[in-house]
Amino acid sequence: MNIIVILRQTPDTETKIKLGSETNKIDTAGITWIINPYDEFAIEKALKIKEQAQSGEVVLFACGPARTEEAIRQGLAMGADRAVFIKDDSLEYVDAYTISKLIASELKKLSFDLVLSGKKLIDLESTQIPIFVAEELGLTHISFVMKFNEVDAANKKIVCDRESEGAHEIIEVQLPALVTCDRGEDYPRYASITGIMKAKKKEIKEIKLENIGELNSRTEIVSMELPPSRKEAKIFEGEVPEKVSALVKALREEAKVI
Amino acid sequence: MSSCEESSIRALCFTWIPNQVGNDRPMLSKYIPLYIRYNLFMPNFQLITDQDIVRGFCTDSSNYPGYAEALVRPKSKDEVVEILKEANLKKIPITTIGNRSSLTGSAAALGGWILDTSQMTKIIEINHKEKFALAEPGLMLSDLKKTILDEGLFYAPDPTSEKECFFGGSIATNASGSRTFKYGSTRKYVRALEVVLASGEVLNIRRPEIEKNTFGYLPFQNMVDIFVGSEGTLGVITKAEVELIKKPENFFGGMAFFKTLSDALDFVISVRKDLLKQVPTITPRAVELFDHNGLNIIRPDSTFKIPESAKAGIFFEQEYSSEVGTALGGNPTFEKVLDNWLSFLELNKALVEDTIIAEQPKQQEELRRLRHKVPSHLFEEGGVYVKDGGGKISTDWSVPIGKIHEIINYAQELTSQTKIKEPVIYGHIGNGHPHYNFIAKNANEKKQILEVVHKTCQKVISLHGTIAAEHGIGKIKKDFVKYQYPQSVINAMKAMKHSLDPNGILAPGNMF
Ligand SMILES: Cc1cc2nc3c(=O)[nH]c(=O)nc-3n(C[C@H](O)[C@H](O)[C@H](O)COP(=O)(O)OP(=O)(O)OC[C@H]3O[C@@H](n4cnc5c(N)ncnc54)[C@H](O)[C@@H]3O)c2cc1C
Chain A
6 MNIIVILRQT PDTETKIKLG SETNKIDTAG ITWIINPYDE FAIEKALKIK EQAQSGEVVL
66 FACGPARTEE AIRQGLAMGA DRAVFIKDDS LEYVDAYTIS KLIASELKKL SFDLVLSGKK
126 LIDLESTQIP IFVAEELGLT HISFVMKFNE VDAANKKIVC DRESEGAHEI IEVQLPALVT
186 CDRGEDYPRY ASITGIMKAK KKEIKEIKLE NIGELNSRTE IVSMELPPSR KEAKIFEGEV
246 PEKVSALVKA LREEAKVI
Chain B
7 MSSCEESSIR ALCFTWIPNQ VGNDRPMLSK YIPLYIRYNL FMPNFQLITD QDIVRGFCTD
67 SSNYPGYAEA LVRPKSKDEV VEILKEANLK KIPITTIGNR SSLTGSAAAL GGWILDTSQM
127 TKIIEINHKE KFALAEPGLM LSDLKKTILD EGLFYAPDPT SEKECFFGGS IATNASGSRT
187 FKYGSTRKYV RALEVVLASG EVLNIRRPEI EKNTFGYLPF QNMVDIFVGS EGTLGVITKA
247 EVELIKKPEN FFGGMAFFKT LSDALDFVIS VRKDLLKQVP TITPRAVELF DHNGLNIIRP
307 DSTFKIPESA KAGIFFEQEY SSEVGTALGG NPTFEKVLDN WLSFLELNKA LVEDTIIAEQ
367 PKQQEELRRL RHKVPSHLFE EGGVYVKDGG GKISTDWSVP IGKIHEIINY AQELTSQTKI
427 KEPVIYGHIG NGHPHYNFIA KNANEKKQIL EVVHKTCQKV ISLHGTIAAE HGIGKIKKDF
487 VKYQYPQSVI NAMKAMKHSL DPNGILAPGN MF
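Protein chains in written order, with this note's numbering: chain A, 6 to 263; chain B, 7 to 518.
With the rest of the complex left out, here is chain A (with noise of 0.2 Å):
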């Protein structure tokens, strides 16, 4: 079983963005950034299906600027054989369409049963890219997977457990397809210290942007704000009895929930 993980980076969750010098960029100083969680689940999930059937690869494709390597080589600590590296610091800025597309155009070039990525990225909140990836190469594609009940290497089947609005959708796909994986059960496995080491001796293969095409986003963002702060929390003061009599006026009065 062959198996191609899209991964992006993204800002660590815990990052307070500030907005860049021009209006539509934020100020990438200071940033710590973390694969995108959910290509994250998504490399654990190959690794387990690797795991399982006892052959086959985990190659990781990525595509953005030269400070997503930092990403590639944490993948391949966790376990991922090798990987593939659409590298160009233009890359930090253009849409899902453009990106999808020149994911596309390598994907091709290269064999597997399956592609799996994260549901979506914890940045811009988007889900696009996977999707236009599958549509491009005319693939089956299934989203928003939390586990796969059976993975069958030899007859190139799998079933995949999907959840949506409350309940399962059990789900049966012929190979190859692409999958967006949510968490499910899964904690992306730690690199071990021995991970790590091999991954240095791990081959990343860059592709050179000029050799693929042109870059031709069809949107762009004109400026970003940041959302308006919230309001204060109001603290009653006072012994307790009055605090909540306070609090209780409040709620009824001022916030209008009771």
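Possibly wrong hints are sitting among the right ones.
[To be verified] Here are some of the chain B residues that sit facing chain A, going by a computed Cβ distance under 7 Å: (1) Glu359; (2) Gln369; (3) Gln370.
[What the hints assert, rightly or not] Subject to a maximum C-alpha distance of 30 Å in a straight line, what follows is the list of computed DSSO-like cross-link-like pairs (lysine-lysine): (4) Lys113(A) with Lys207(A); (5) Lys248(A) with Lys128(B); (6) Lys135(B) with Lys23(A); (7) Lys21(A) with Lys252(B); (8) Lys503(B) with Lys194(B); (9) Lys188(B) with Lys21(A); (10) Lys488(B) with Lys500(B); (11) Lys169(B) with Lys23(A); (12) Lys137(B) with Lys368(B); (13) Lys254(A) with Lys205(A); (14) Lys379(B) with Lys53(A); (15) Lys311(B) with Lys124(A); (16) Lys21(A) with Lys135(B); (17) Lys203(A) with Lys265(B); (18) Lys128(B) with Lys21(A); (19) Lys21(A) with Lys253(B); (20) Lys236(A) with Lys169(B); (21) Lys368(B) with Lys205(A); (22) Lys128(B) with Lys205(A); (23) Lys248(A) with Lys91(B); (24) Lys236(A) with Lys152(B); (25) Lys30(A) with Lys368(B); (26) Lys368(B) with Lys152(A); (27) Lys500(B) with Lys203(A); (28) Lys152(B) with Lys30(A); (29) Lys368(B) with Lys23(A); (30) Lys311(B) with Lys53(A); (31) Lys206(A) with Lys355(B); (32) Lys342(B) with Lys210(A); (33) Lys152(B) with Lys23(A); (34) Lys169(B) with Lys135(B); (35) Lys81(B) with Lys236(A); (36) Lys218(B) with Lys503(B); (37) Lys248(A) with Lys169(B); (38) Lys253(B) with Lys23(A); (39) Lys239(A) with Lys169(B); (40) Lys206(A) with Lys368(B).
These are computed hints drawn from the structure, not numbers from a lab. Cβ atoms here follow ideal geometry from the backbone N, Cα and C, with glycine treated the same way.
Once you have looked at the hints, place chain B with the ligand on chain A.
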């Protein structure tokens, strides 16, 4: 009521209620409800006497059964002064509380008033140039640390309970944590204190910056150190200035596993030896132990694999520097450091293939959460047996690292002679300070465990250790004090307490 009337009633009231301690309360006061007695005539601070509320503040994480007549929640130093003057005049016991995470009963009141510091939460200054923070005691330690970190500076003390204890409480107990291995405990960082004494006098004290001084007994040359770790017995800390350091550039966490506890202890001894070299191989900032029972506690919700063959784990953190950003992206410093760790672990019998590294913030946080899970799990497990006279019995002894095998073997030998459940051994092993914690199911087991603990503590002292490395004495460790200091030294401490608090109103029952 005219002010004249009020003051005359107030004066009367003073004579009616001279002493709230003990049973010798004057008859008349019985006829005036507590709430009115206290509040009508004392406009400057408010006492809460509703027992439904007060009872909720009477114990701490040791479950020690405390009791009090009232709760008072000052918002400022000036209110603290008022309260103490009043209490001192009437000889009312005052137990100052932080967030009551104490494990020794030190925050459980024995009568009188509970002085709750939770309303004093101002961060007065974070000074980048002189690298200090000045703040009030009632801030949650983790909140203060986060604010400091967001400003690019670092406050090093890190008790495991940092999300459950106050800044003031951490100073009053000289709290320490896993990073104490590199950074030392709270004391080292306290530069100056504002303390209200029992009389209401405000003391502003500062750690001396001079290098030479031959006037006075050493402890009095630096009063700050007398108040750090004084467990509320000498005064109420109302403000503290602490030293900040540069934020460490980068660090990673890790967990190494060993086939035996003894291998893990040998590893720690090697680390300490290595650190004495001119160029140490590795320089961890934290070295913490989980014995196999500790590993079993974290196993069910561990997010990483704990190998079946592991009988002990060592959690570590290592800082490294990097000029440009990334670590795994090929930073030589990170790789060099990791290389050194790998060879050191191999040399010292760790299960190398299973050693995990937490490089991402989320994973680092997760490792610390699991580390914290051990004491909280034990606290909950012990709580179940309190009603049957049992509960958690934790030790806080530490020995010089070279004696660690000897003391653990000794304690294990003693334990094996009883039928009690094996203890959980975990914690600050890098400082020779593992917590050796028992769960007693009933009073009989508790008795047997206490015998083991007493004997172990005597042995600890013979190995030049201490019986209380970080939690203090409070109310539940007093029986052990005699092993560590001769009576004459204890008397000297008492005399000093008496001179600062002649009526003995502050934290009665703590320490002595
Ligand atoms: C799960 C858990 C883990 C823990 N881990 C650690 C650890 O790693 N390291 C460690 O050192 N401790 C640890 N502790 C013990 C405890 O958290 C610390 O001692 C902590 O510093 C107490 O702070 P607090 O605000 O809760 O103080 P409290 O428990 O409320 O009070 C402790 C003592 O300080 C006095 N005090 C509090 N505030 C003031 C003040 N403003 N002025 C004067 N006296 C005051 C009280 O009178 C009392 O004697 C742990 C406890 C728990 C429950």
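Results of checking the hints against the structure:
1. A cut of 7 Å between beta carbons decides the hint on Glu359(B): the least distance to chain A is about 6 Å, and the hint holds.
2. Taking 7 Å as the C-beta contact cut-off toward chain A, the hint placing Gln369(B) at the interface holds, the least distance being around 6 Å.
3. The beta carbon of Gln370(B) comes no nearer than 10 Å to any beta carbon in chain A, farther than 7 Å, and the hint placing it at the interface is violated.
4. Note on Lys113(A) and Lys207(A): the hinted pairing holds, with a Cα-Cα distance of about 22 Å set against a maximum of 30 Å.
5. For the hint pairing Lys248(A) with Lys128(B), the CA-to-CA distance comes to about 21 Å; that is within 30 Å, so the pair holds.
6. With a C-alpha separation of about 25 Å, the suggested pairing of Lys135(B) with Lys23(A) holds against the 30 Å cut-off.
7. For the suggested pair Lys21(A) and Lys252(B), the alpha carbons sit about 20 Å apart, so the restraint of at most 30 Å is met.
8. As the CA atoms of Lys503(B) and Lys194(B) are separated by approximately 23 Å, the hinted pair is consistent with the 30 Å bound.
9. Only pairs whose Cα atoms come within 30 Å are accepted, and Lys188(B) paired with Lys21(A) is accepted, the gap being roughly 29 Å.
10. For the proposed pair Lys488(B) and Lys500(B), the alpha carbon gap of about 14 Å is at most 30 Å, so the pair holds.
11. At most 30 Å may separate the alpha-carbon atoms for a hinted pair to count; Lys169(B) and Lys23(A) meet this at roughly 27 Å.
12. Between Lys137(B) and Lys368(B) the alpha-carbon distance is near 28 Å, which keeps this suggested pair within the 30 Å criterion.
13. For the hint linking Lys254(A) to Lys205(A), the alpha-carbon distance of about 63 Å lies beyond 30 Å, and the restraint is violated.
14. Distance check on the hinted pair: Lys379(B) and Lys53(A) sit about 27 Å apart at the alpha-carbon level, within 30 Å; holds.
15. Annotation: proposed proximity of Lys311(B) to Lys124(A) holds, straight-line Cα distance about 25 Å (limit 30 Å).
16. Proximity of Lys21(A) to Lys135(B) is assessed by CA-CA distance (about 24 Å); at most 30 Å being required, the pair is judged to hold.
17. Taking the CA atoms of Lys203(A) and Lys265(B), the gap is about 24 Å. The hint holds against a cut of 30 Å.
18. Distance hint between Lys128(B) and Lys21(A) is fulfilled; the C-alpha atoms sit about 23 Å from each other, no more than 30 Å.
19. Of the supplied pair hints, the one linking Lys21(A) and Lys253(B) holds, its CA atoms being roughly 17 Å apart against a limit of 30 Å.
20. With a C-alpha separation of about 25 Å, the suggested pairing of Lys236(A) with Lys169(B) holds against the 30 Å cut-off.
21. Taking the CA atoms of Lys368(B) and Lys205(A), the gap is near 23 Å; set against the 30 Å cutoff, the hint holds.
22. With a CA separation close to 48 Å, the supplied pair Lys128(B) and Lys205(A) exceeds the 30 Å bound.
23. A threshold of 30 Å between alpha carbons decides the hint, and for Lys248(A) with Lys91(B) the separation of about 28 Å falls inside it, so the pair holds.
24. Our distance criterion of 30 Å between C-alpha atoms is met by Lys236(A) and Lys152(B), whose separation comes to about 21 Å.
25. In summary, the hint linking Lys30(A) to Lys368(B) is supported, as the alpha carbons are separated by about 26 Å, within the 30 Å threshold.
26. With a C-alpha separation of about 22 Å, the suggested pair Lys368(B) and Lys152(A) falls inside the 30 Å cut-off, and the hint holds.
27. Of the supplied pair hints, the one linking Lys500(B) and Lys203(A) is violated, its CA atoms being roughly 61 Å apart against a limit of 30 Å.
28. For the hint pairing Lys152(B) with Lys30(A), the CA-to-CA distance comes to about 27 Å; that is within 30 Å, so the pair holds.
29. At most 30 Å may separate the alpha-carbon atoms for a hinted pair to count; Lys368(B) and Lys23(A) meet this at roughly 21 Å.
30. Pair hint Lys311(B) plus Lys53(A) holds up; C-alpha atoms about 13 Å apart against a cutoff of 30 Å.
31. Between the alpha carbons of Lys206(A) and Lys355(B) the distance comes to roughly 25 Å, so the proposed pair stays at or under 30 Å and holds.
32. For the hint pairing Lys342(B) with Lys210(A), the CA-to-CA distance comes to about 24 Å; that is within 30 Å, so the pair holds.
33. Note on Lys152(B) and Lys23(A): the hinted pairing holds, with a Cα-Cα distance of about 18 Å set against a maximum of 30 Å.
34. With a C-alpha separation of about 28 Å, the suggested pairing of Lys169(B) with Lys135(B) holds against the 30 Å cut-off.
35. In summary, the hint linking Lys81(B) to Lys236(A) is supported, as the alpha carbons are separated by about 24 Å, within the 30 Å threshold.
36. As the CA atoms of Lys218(B) and Lys503(B) are separated by approximately 27 Å, the hinted pair is consistent with the 30 Å bound.
37. Simply put, Lys248(A) and Lys169(B) have alpha-carbon atoms about 26 Å apart, close enough for the 30 Å limit, and the pair holds.
38. Among the hinted pairs, Lys253(B) with Lys23(A) is consistent with the structure: their alpha-carbon atoms are about 20 Å apart, no more than 30 Å.
39. The straight-line distance between the Cα atoms of Lys239(A) and Lys169(B) is roughly 23 Å, inside the 30 Å bound, and the hint therefore holds.
40. Distance restraint check for Lys206(A) and Lys368(B): the Cα-Cα separation of roughly 26 Å lies within the 30 Å cut-off, and the hinted pair is therefore satisfied.
Comparing the model with each earlier hint shows violations of hints 3, 13, 22, 27; every other hint is respected.
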